[in-house]
Each structure stands twice: as structure tokens, then as C-alpha cells.
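All chains, full assembly: derive it from the sequences and hints.
For the protein sequence lines, the chains are H and U, in the order given.
First residue of the first sequence: 1, per full-length UniProt numbering; consecutive thereafter.
First residue of the second sequence: 1, per full-length UniProt numbering; consecutive thereafter.
Be careful, since some hints might not be right.
Identical copies look the same in the list; a pair holds intra-copy or inter-copy alike.
Below, in silico cross-link-like pairs of lysine to aspartate or glutamate (DMTMM-like), each with a Cα-Cα straight-line distance of 25 Å or less [to be verified]:
hint	residue 1	residue 2
1	K20	E70
2	K20	D47
3	K20	D2
4	K20	E44
5	K51	E9
6	K20	E9
7	K51	E65
8	K51	E70
9	K20	E65
The set of hints was computed from the structure by calculation and includes no laboratory data.
All figures in this text were calculated on a predicted structure; none of them were measured in a lab.
So the chains spell out like this:
There are 2 protein chains.
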Amino acid sequence: MDLTARTAEQIGEALRRTRKARGWTQSDISARTNLRVATISSLENGDAGAKLATVLAVMAALGLEFRLVERGGSLEIEDIF
Amino acid sequence: MDLTARTAEQIGEALRRTRKARGWTQSDISARTNLRVATISSLENGDAGAKLATVLAVMAALGLEFRLVERGGSLEIEDIF
DNA sequence: CTACTTTTTACGCCATAGCGTAACAATCGA
DNA sequence: TCGATTGTTACGCTATGGCGTAAAAAGTAG
Chain H
1 MDLTARTAEQ IGEALRRTRK ARGWTQSDIS ARTNLRVATI SSLENGDAGA KLATVLAVMA
61 ALGLEFRLVE RGGSLEIEDI F
Chain U
1 MDLTARTAEQ IGEALRRTRK ARGWTQSDIS ARTNLRVATI SSLENGDAGA KLATVLAVMA
61 ALGLEFRLVE RGGSLEIEDI F
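Next up, the structure:
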């Protein structure tokens with residue numbers, strides 16, 4: 001499961017996929033973040049207008065963190081050693 | 001240079017670091033994104049209220065992309081093969 | 001110390017995120 | 001097939017992001 005994202009749609013997809021992988025509902029995320037289910041829904045559907053705080057809250061609830069990497073940079077040997 | 005981020009502050013720092021590494025000014029980013037210099041400044045200083053679109057625009061200008069990874073998950077062997 | 005560049009902050013304005021609340025639609029299990 | 005859970009959409013409301021514009025503050029080279 002590669003969770004690379006350059007767009008709000010890709011971030012939303014990644015969040016939804018992770019949530020499903022955890023077996024959770026949007027309501028579960030809502031409870032853990034104090035965000036409304038509607039907000040989670042909107043975010044998962046790729047709302048680019050969402051606030052960074054909102055994204056970070058959901059990420060935290062899912063136990064995820066961001067890594068900012070060079071575009072297309074798919075695991076080079078220097079990254080390992 | 002590890003660009004892992006869980007907070008708006010960390011994202012801002014990562015963006016600023018990358019920009020400096022490219023030898024660019026906020027004004028350069030502004031030109032490439034049509035965002036105001038003030039907006040770039042605010043973002044680099046950790047504005048959690050920033051819009052996702054804003055973050056993504058700056059990321060694109062810097063040639064960066066997001067990777068959503070398990071918290072603390074620092075390169076496990078399964079990620080390589 | 002002085003000019004120039006870069007970054008930060010301010011003000012008025014408009015657009016919209018996320019809230020409470022609620023209804024509606026879609027998905028799923030028995 | 002149907003009841004129930006889950007997800008999407010809507011309305012009015014308040015708060016605030018990012019805009020244009022501008023000025024002040026901080027950093028840098030000479």
C-alpha cells in the first residue's frame with residue numbers, strides 16, 4: 001500500500017484507505033479528533049480547502065505522520081545507509 | 001535532512017529548509033505559486049490554519065510530495081523489498 | 001554605518017471551513 | 001428484503017485564510 005500524495009484527492013484516498021485498514025468508521029475518527037463526521041467525509045473526498053490542522057488531526061488519529069520527499073524519489077540507496 | 005512532520009510547525013520548518021536548500025527566497029515561491037509572500041511566511045512559521053491547497057502548492061513548487069507513513073516507522077525491511 | 005534584500009506584520013475585504021443540527025442516501029448484515 | 005449502520009449533503013452561523021496593498025522589522029553585503 002503506497003501512500004504517496006501530491007493532491008488533496010490522493011491525501012483523502014490515503015486517509016480513507018488507512019482508516020478502512022484499521023477497520024474504523026468515520027464516526028470513530030470523529031470521536032478521536034472532535035471533528036464532525038461531515039468534515040472527515042469531506043476530507044476523504046479530497047477537499048483541498050481543508051485546514052492543515054484538520055488533516056493533521058486525522059493523521060494523528062490514524063497513527064500516521066508525513067514525510068516530505070523529493071518528487072518521484074522512490075527510495076534511493078542513500079536513504080537507506 | 002529528515003523531513004518528517006506531525007505538526008504544522010514541523011511542516012513549516014521542512015518547507016523552509018527545503019526552500020533554503022534550493023537557494024530560493026519566499027518571493028521565488030510566491031512567483032511559482034501565485035501565493036503572497038505573506039502567506040508563504042505564515043506557512044513556514046507553522047500556521048495550522050493554512051489550507052491544504054496552500055501547502056500542496058508550495059510543496060509542488062519545491063518539487064516535494066507527501067508520503068503518509070506509520071508513526072515512528074523509520075524504514076523497515078519490508079518497505080525495501 | 002549604510003543601502004539593499006528578505007521576511008514579518010497590519011488593515012479592510014471576500015470567500016469558505018467547520019460547527020450544530022438534521023435529513024437523505026448508500027452500504028451491509030441477518 | 002429489510003432494518004440498521006455508515007457516509008454524504010444541506011442550512012445558518014461564526015471564525016479565519018488568503019487577497020491587495022503597504023509598511024515595518026530583520027538579515028545581509030558593501
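Each hint, compared with the structure:
1. K20 to E70: Result: close only across copies, 15 Å inter versus 28 Å intra.
2. K20 to D47: within (19 Å within a copy, 29 Å between copies)
3. K20 to D2: Intra 15 Å, inter 29 Å, cutoff 25 Å: intra-copy only.
4. K20 to E44: Classified as within: same-chain Cα gap 12 Å, cross-chain 32 Å, threshold 25 Å.
5. K51 to E9: both (14 Å within a copy, 14 Å between copies)
6. K20 to E9: For K20 and E9, the Cα distance is within 25 Å only inside one copy (16 Å; across copies 28 Å).
7. K51 to E65: both (16 Å within a copy, 18 Å between copies)
8. K51 to E70: Answer is both: 23 Å inside a copy and 21 Å across each meet the 25 Å cutoff.
9. K20 to E65: both (17 Å within a copy, 23 Å between copies)
No hint from the list above goes unmet by this structure.
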